[in-house]
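As a plain string of letters, each chain reads:
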Amino acid sequence: MTTETGTTERGAANGGGDVLLEMRGLRIEGQSDEQWSDIVKGLDLTLRRGEVLGLIGESGAGKSTMGLAAMGYARPGCRISGGSILFDGMDLMTASEDQKRSLRGARIAYVAQSAAASFNPAHKLIEQYAEMPVRHGLKSRTEANADAVELFGRLRLPDPEGIGFRYPHQVSGGQLQRAMTAMAMSCRPDLIIFDEPTTALDVTTQIEVLATIRDIVDQFNTAAIYITHDLAVVAQMADRIMVLRYGELVEEAETRRMLSAPTQDYTKSLWAVRSFQKQAVMAPEEATPLVKVDHVTAAYGDTPVLHDISFEIHRGRTVAVVGESGSGKSTTARVITGLLPPVSGQVLFDGKPLPGDYRQRSKDQLRHAQMIYQMPDTAINPRQRVRDIIGRPLSFYLGLNGREREQRVRGLLEMIELDPDAFIDRFPGELSGGQKQRICIARALAAEPAFIICDEVTSALDQLVAEGILKLLDRIQRELNLAYMFITHDIATVRAVSDEVIVMYQGRIVEQGPKDEMFTPPHHDYTDLLLSSVPEMDPDWLDTLLAERAARKERGESVMASGDQ
Amino acid sequence: MTERTETDSSLSASEAFVPAVRAGIWSVVGRELWKAPFSAKFGLLVVVAYVVVAVFAPVLAPFGESEIVGSEYEPWSEDFLLGTDNLGRDMLTRLIYGARNTIGIAFVTTCLAFLIGGFGGILAAILGGWTDQLLSRLVDVLMAIPQLIFALLLLTIVGTSVPALVGIIAVLDSTRVYRLARAVSMNVVVMDFVEASRLRGEGIVWIATREVLPNILPPLAAEFGLRFCFVFLLISALSFLGLGIQPPTADWGSMVRDNATLITYSDITPLLPAAAIALLTVGVNFVVDWFLHKSSGLRDDH
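Keeping their order, the protein sequence lines are chains Y and V.
For the first sequence, my numbering assigns the number 224 to the initial residue and increments by one for each residue that follows.
For the second sequence, my numbering assigns the number 4 to the initial residue and increments by one for each residue that follows.
Among the hints, a few may not be true.
Stretch by stretch, here's where chain Y covers chain V in the computed footprint (C-beta under 8 angstroms, at least three residues) [claimed, not checked]:
| no. | segment |
| --- | --- |
| 1 | 189–197 |
| 2 | 206–217 |
The following residues of chain Y were derived to be distant from chain V, with all beta-carbon distances above 12 angstroms [said to hold, decoys possible]:
| no. | residue |
| --- | --- |
| 3 | H530 |
| 4 | P643 |
| 5 | Q729 |
| 6 | S756 |
Ranges between beta-carbon positions, derived for each pair [what the hints assert, rightly or not]:
| no. | chain 1 | residue 1 | chain 2 | residue 2 | range |
| --- | --- | --- | --- | --- | --- |
| 7 | V | P217 | Y | D517 | 37 to 43 angstroms |
| 8 | V | P217 | Y | T486 | 47 to 53 angstroms |
| 9 | Y | P578 | V | T159 | 51 to 57 angstroms |
I should point out that these hints are in silico values taken from the structure, not numbers from a laboratory.
Backbone N, C-alpha and C define an ideal beta-carbon position, used for all residues, glycine too.
Whenever a hint applies, use it, and build me the whole structure from the sequences.
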């Protein structure tokens, strides 16, 4: 490892010296359609004790496959076809299944992306925690339980004594992710593989998990491989970063040097992703807003979810609605589309009230408000061709048929930057995630709407692809003078696309206003927490922020706790 | 801006995803057939053979369907390959015509059952609420009574004609189809694309036939094979009991009953129709298993 820079590297500071994991010329193949193709194409990786290595890249770059290979494991449908994997002198390529099994959990642990899906819902946390040390014969059950309580405390879980006796569904997502980290630590492994451990979490929760993961890795001098697609996160966590693409290494360097002076074009493009900025749109002069949400209160059954929400959206402008999960962002969209009739209040379109239930709205009213969904995989029918997906709104709303319709579909495909000849006959299964999202946009545009609700449209996509989608939406907005309501939990997206920002928390609007005002202090407490929790590329960001928050707490100023605590 | 567009094109390159060259449907089918396991090939062969026999029955059969050609219970001979039955009709001829009648009626019945149950289930899933409650409870009531006994009861009431037979069995069997269709539709109905089509203002028929139905077709098709076997067996059972297909129409179930006395003389002839039923059931199930395996996307190494 190169540590000639004067910075205090965590791994180096802990006296990491001897090599723990070494992969040479690793090749992994995956099977699709009865054919084997390379997923990882001859990668080298060296990890020393106590060192944290960041693996970044888009989906399909082979990050997770590499992470699993570090345990000598290949997913069903994959096989390790070449190279060597040496873990602490032991060759995992030739080791028997038994030998590998004795390593896994005990000396190499794995933390998965979705803690909620990885815990067994039928067992208490502490039982699942104790399973590994007991199974490996390292601790008795009582020892393991006592150890669990200690680790839960170190990971700053609330009520460390009692939380282990809850079931997974009784704790929040962030807590579950920390419990999983505790579980991975249960045998004090030499190496932990973190596979996107915070991707599914809100920013306010993410920061807690990041801080605790880093502390615990430091405290036990554990080596870690940190897999993520979020550069800002990896900048906080890793000593060294490897950028992967198509199963090949693009660039490898120590974190600070990688951030300040990337050498490869691809790395630079990754770094530049967050630079996109929408051209500011002048504040509207017309009096009637296109969409006006007027004192809306809504509930699911008897549970109130929205309290007295009011805001306006004008033609040609983008209103971003931010907040963590459960804050009522998507519910607001459901009220506007008419899926959830409000308990009181109303939604006005162009000055005229819309019926609360979508079934009572006219075809024209439905046509004018279109929606783009978060998951493009489920938002388009997998059994329809692109031609029919985009063509249906055309014939349904505009009565186009035959050649006219075909031409319009082709025009829309061109507008979303997909080649009509290549794509018009495809099924969704033959499209990538970004392309599917583009088809969803085309379907919304086919209705010739005045207003589009974008519900987390980029959160399921890789950053580069997401950037392409944002630019596309922006271009279309300028061309067609559309109004957008942009629901997101990603502040970077808000900065990129919005004209106005609405911050929601627990079903209420805590702050709203033009973007520039929203991003300059003073903020509402919650807005402040939200904004400050967004990871930045600066590797010192997390330390600085935590120190700042601690200082403020000491001074007795109010620091709003994240919803997770 | 020009520079950005350039990055754009490189971006779409990273998004680019080239599917395998779209092969013609027939070559795909051919390749799948070639790769199919032995059991599936055997099953397909059996099914195809039965269909051929059923379609070309008048050509293949040496005599007329209910033509009396010899004396009763003649043994196997050159004139009558499989002997004659209790009325002196050629056994082989009866078997061949029986394929036509039994398979034909079972097929029509199964189709009808799927039409009723399938659409009922999809509607229940889409509409939910009261419609769902009403249909589901009705189905529960129908299913609470043993099927064969219920069918016997209804046939005694309305009389034994082929349309009555088809109608009654179809309704009774549609309850099973309803349950399956409703269950699998439920998973599809919650998808965003169904919500999108609702918000577009689409009618119930469009949502049912264009959005939901194509997505639940594989499990329904697999169920079709199984249901067909059950219907087939039920018809044969009813015929054996004398309430199914009425003489002189040839039918495998009643053929077993009519010639049952021969068993006491250790002659296997009356078992031939039963064997024909068994073979078809096995064949259809092999094909269904294979299809289900294919369509569910299961891999052996999981």
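Tested hints:
no., hint, verdict
1, 189–197, "holds (count 3)"
2, 206–217, "holds (count 3)"
3, H530, "holds (25 angstroms)"
4, P643, "holds (14 angstroms)"
5, Q729, "holds (25 angstroms)"
6, S756, "holds (28 angstroms)"
7, P217(V) with D517(Y): 37 to 43 angstroms, "holds (40 angstroms)"
8, P217(V) with T486(Y): 47 to 53 angstroms, "holds (50 angstroms)"
9, P578(Y) with T159(V): 51 to 57 angstroms, "holds (54 angstroms)"
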